[in-house]
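K.L.:
If you want the building blocks of each chain, they are given just below.
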Amino acid sequence: MSLLDRRLLITAGKGGVGRSTVSAALALAAAQSGKRVLVCEVNTQPRIPGLFDSQVQGDEPFPVAPGVDSLVVRPDPAMREYVLMKLRFETLYRAVFENRWVSRFLHFIPSLPELVMLGKILFHVRERHWDLVVIDAPATGHGITFLGVPQAILDTVPPGAMHSEALWMRDLLVDPDRTLVNLVSLPEELPVNETLELAGATESQLGMGLGRVFLNRFVPERFSADERRLFPPPGADEERAPLLDAAFRAAHAQALRAERSAHFRERLQRGLDLPLTALPQIFHPASFGAAQTRELAAAMIREGL
Amino acid sequence: MSARPRRSRGAGGREAQAPSPPPVLTSTNSAETLKVLRERQVIVCVGAGGVGKTTVAATLALRAAAEGRKVMVLTIDPAKRLANALGLKELGNTQSRVDPERIRAAGVEPRGELWAMMLDLQRSWDDFIARHIPQEQREKLLENRFYKTLSTALAGSQEYIATEKLYELHARDEFDLIVLDTPPTAHALDFLDAPKRILDFLENDSMRILAAPALAAGKLGIKLMGLGGSWAAKAISRLTGTETLEELFLFMREIQGTYEVFKDRAAKVKALFASDAAAFVLVTNAQGVTVDETIYFHRLLLEERIPIAAVVANRVHRDFLRGRSLPTEAELAALLEAGSGDPTLAGRLLLTLEEAASMAHLDRRHLDRLAAATEPTAQLRVPRFDTDVHDLADLWIIGRHLFPGEEPAS
Numbered sequence: 001m002s003l004l005d006r007r008l009l010i011t012a013g014k015g016g017v018g019r020s021t022v023s024a025a026l027a028l029a030a031a032q033s034g035k036r037v038l039v040c041e042v043n044t045q046p047r048i049p050g051l052f053d054s055q056v057q058g059d060e061p062f063p064v065a066p067g068v069d070s071l072v073v074r075p076d077p078a079m080r081e082y083v084l085m086k087l088r089f090e091t092l093y094r095a096v097f098e099n100r101w102v103s104r105f106l107h108f109i110p111s112l113p114e115l116v117m118l119g120k121i122l123f124h125v126r127e128r129h130w131d132l133v134v135i136d137a138p139a140t141g142h143g144i145t146f147l148g149v150p151q152a153i154l155d156t157v158p159p160g161a162m163h164s165e166a167l168w169m170r171d172l173l174v175d176p177d178r179t180l181v182n183l184v185s186l187p188e189e190l191p192v193n194e195t196l197e198l199a200g201a202t203e204s205q206l207g208m209g210l211g212r213v214f215l216n217r218f219v220p221e222r223f224s225a226d227e228r229r230l231f232p233p234p235g236a237d238e239e240r241a242p243l244l245d246a247a248f249r250a251a252h253a254q255a256l257r258a259e260r261s262a263h264f265r266e267r268l269q270r271g272l273d274l275p276l277t278a279l280p281q282i283f284h285p286a287s288f289g290a291a292q293t294r295e296l297a298a299a300m301i302r303e304g305l
Numbered sequence: 001m002s003a004r005p006r007r008s009r010g011a012g013g014r015e016a017q018a019p020s021p022p023p024v025l026t027s028t029n030s031a032e033t034l035k036v037l038r039e040r041q042v043i044v045c046v047g048a049g050g051v052g053k054t055t056v057a058a059t060l061a062l063r064a065a066a067e068g069r070k071v072m073v074l075t076i077d078p079a080k081r082l083a084n085a086l087g088l089k090e091l092g093n094t095q096s097r098v099d100p101e102r103i104r105a106a107g108v109e110p111r112g113e114l115w116a117m118m119l120d121l122q123r124s125w126d127d128f129i130a131r132h133i134p135q136e137q138r139e140k141l142l143e144n145r146f147y148k149t150l151s152t153a154l155a156g157s158q159e160y161i162a163t164e165k166l167y168e169l170h171a172r173d174e175f176d177l178i179v180l181d182t183p184p185t186a187h188a189l190d191f192l193d194a195p196k197r198i199l200d201f202l203e204n205d206s207m208r209i210l211a212a213p214a215l216a217a218g219k220l221g222i223k224l225m226g227l228g229g230s231w232a233a234k235a236i237s238r239l240t241g242t243e244t245l246e247e248l249f250l251f252m253r254e255i256q257g258t259y260e261v262f263k264d265r266a267a268k269v270k271a272l273f274a275s276d277a278a279a280f281v282l283v284t285n286a287q288g289v290t291v292d293e294t295i296y297f298h299r300l301l302l303e304e305r306i307p308i309a310a311v312v313a314n315r316v317h318r319d320f321l322r323g324r325s326l327p328t329e330a331e332l333a334a335l336l337e338a339g340s341g342d343p344t345l346a347g348r349l350l351l352t353l354e355e356a357a358s359m360a361h362l363d364r365r366h367l368d369r370l371a372a373a374t375e376p377t378a379q380l381r382v383p384r385f386d387t388d389v390h391d392l393a394d395l396w397i398i399g400r401h402l403f404p405g406e407e408p409a410s
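Top to bottom, those sequences are chains A and B. Those letters in the first sequence? Residues 1 to 305, per the numbering used here, in order. Those letters in the second sequence? Residues 1 to 410, per the numbering used here, in order.
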């Protein structure tokens with residue numbers, strides 16, 4: 001059973017490693033293999049629509065590419081939907097939940113906003129409105145908290161409406177045939193450490209299955225060992241033509257980063273028993289848009305996803 | 001108001017406090033920022049996650065220690081090797097001095113003292129409660145599962161307790177300078193917003209209105225439906241279950257006594273931040289999204305009248321060509337000694353130069369835009385390192401990039 005045959009793929013990782021770009025590219029790669037995909041962001045400054053040269057349109061899914069829809073989930077509209085579903089009457093909702101005090105109160109019920117946001121997404125998974133749902137999860141610690149909300153509610157909240165909602169959501173999340181967590185990392189110390197910790201927490205704390213590691217901005221080896229010996233800055237008595245010096249300095253930096261990329265790939269492979277996809281740095285003239293997302297998706301497919 | 005008497009320690013002659021400078025620093029160069037490092041008592045490093053706040057905080061602390069000050073760097077979650085470099089292996093919430101020999105081994109003479117402490121957020125909350133809540137209420141509170149939410153999951157609680165710890169250290173007056181590395185936040189705003197969120201949570205008018213009769217009665221076991229017979233409460237209980245609401249009401253009753261304490265501390269922290277004892281350093285990288293957020297955060301800080309010492313742009317791609325235009329492959333091939341090596345080398349070198357130039361160009365565009373939007377705050381740029389920052393020697397090198405040509409004052 002391949003990664004893209006799951007119903008729900010969650011993209012997790014440290015802040016700044018490229019979770020959104022990986023989520024967008026993964027969604028696009030899945031769409032290119034014929035799936036209908038929904039890619040979701042949770043209560044954040046929306047990034048995904050921009051990665052398809054599109055803009056946010058309201059609180060419901062909207063198309064951003066052939067086969068790909070985007071959804072930005074926010075607490076207030078999600079809460080409203082949930083309450084309406086439970087209470088069934090719009091007028092009752094208005095009378096009760098648009099009351100200022102009540103709405104403030106609802107925000108303070110621990111985990112309720114997270115539950116309704118996650119619930120909105122998982123509802124689409126359960127009802128199979130799309131073949132595949134991709135969640136761009138919040139960064140590491142917040143992400144673990146977010147995905148752990150159903151279990152936390154089951155552990156603490158007495159049986160009732162919140163409890164039964166949490167139950168089906170937890171069961172969906174911990175079923176590796178339906179749901180997997182993909183990790184995004186960078187070939188740098190801190191992100192790699194965090195990836196290793198995150199992998200542990202995903203399995204032991206959340207009880208969820210892991211899919212792949214995407215090692216983003218991987219720098220491939222480009223120069224031979226003999227060539228690399230040419231590059232280091234010259235001694236005081238040597239001189240290099242300025243252009244050659246610039247080229248050698250750039251190449252020296254490239255070689256060091258390639259070495260580091262290989263080192264951290266090995267550390268991830270040793271530390272995690274997971275397939276790893278190395279993704280190249282995508283160069284762009286101004287901002288990362290649809291063309292770059294396509295390039296990244298192509299790289300994913302080339303690397304066997 | 002916050003110009004507390006300063007002890008003379010380390011570098012002499014800088015103790016005298018000048019008349020209060022304006023809240024917005026008008027520094028346009030690193031010398032002004034260095035002055036802040038030498039004179040202020042609190043520096044707060046803020047910025048988006050993953051930009052290198054911890055590294056910058058440690059760099060500033062090391063530099064100030066080298067200058068002769070007794071410095072504490074208060075960090076949240078340092079990289080392992082950096083933590084090791086600071087001697088922070090297994091310390092939770094206890095302060096420890098970085099061995100001066102370690103600093104000397106990095107080629108730096110520590111005229112002052114460098115101390116470090118890793119903040120354990122859960123323990124800081126427990127300590128805070130222990131200090132401010134009477135014994136008889138404390139146990140019930142610590143056991144309540146909503147307390148755990150307050151201390152770990154409630155948005156803003158990490159930020160709040162970090163500033164609380166900072167304030168406590170500052171009040172103890174053991175250090176000349178405290179550098180705070182703030183927790184990674186999803187949004188820059190979270191850090192400034194934290195006290196307000198906590199106070200909102202505690203004040204909770206909604207709770208008073210919905211649950212006033214129950215709180216007044218002060219008894220356990222009151223059925224929710226008895227809570228003033230409120231139809232609003234009934235509707236809510238259909239979503240959450242009755243017992244959840246009851247427990248939450250009880251939690252609110254236990255913790256309501258702390259409201260005044262929180263309010264008082266939050267006001268003091270705010271006054272400290274806006275005073276001439278403190279300054280903020282805004283840490284960013286050169287990526288467009290982060291730069292947007294940094295511009296936004298800079299504006300918020302100004303609105304709060306919080307002094308900003310500098311914007312530190314971290315991990316900036318270097319311009320290897322130094323303004324020259326790209327060579328052609330033939331030019332590079334001619335420069336490489338004829339006949340030596342692989343004929344494709346020139347092409348690969350050119351590709352590498354092109355990639356580097358493209359990154360450097362993009363960074364410069366974003367940082368120039370940032371500089372224009374954050375004028376007149378100084379912008380200090382730190383180049384991207386090709387290896388990880390591991391040790392005190394690396395921190396010292398970063399310091400040299402921050403303050404080029406500025407040797408530590410003797």
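Bear in mind the hints are in silico, worked out from the structure with no lab data behind them. We put the beta carbon where it would ideally sit given N, CA and C, even for glycine. Hints should not be assumed to be uniformly reliable.
What the hints assert, rightly or not - Simulated coverage check for chain B against chain A, where a stretch passes if three residues somewhere in it have a Cβ under 8 Å from a Cβ of chain A:
(1) 105 to 115
(2) 311 to 324
(3) 350 to 356
(4) 377 to 389
(5) 394 to 400
K.L.:
Against each hint, give a clear statement of whether it holds in the structure.
P.N.:
Against the structure, the hints come out as follows:
no., hint, result
1, 105 to 115, "violated (count 0)"
2, 311 to 324, "holds (count 5)"
3, 350 to 356, "holds (count 6)"
4, 377 to 389, "holds (count 3)"
5, 394 to 400, "violated (count 0)"
Of the hints listed earlier, those the structure fails to meet are numbers 1, 5, in rising order.
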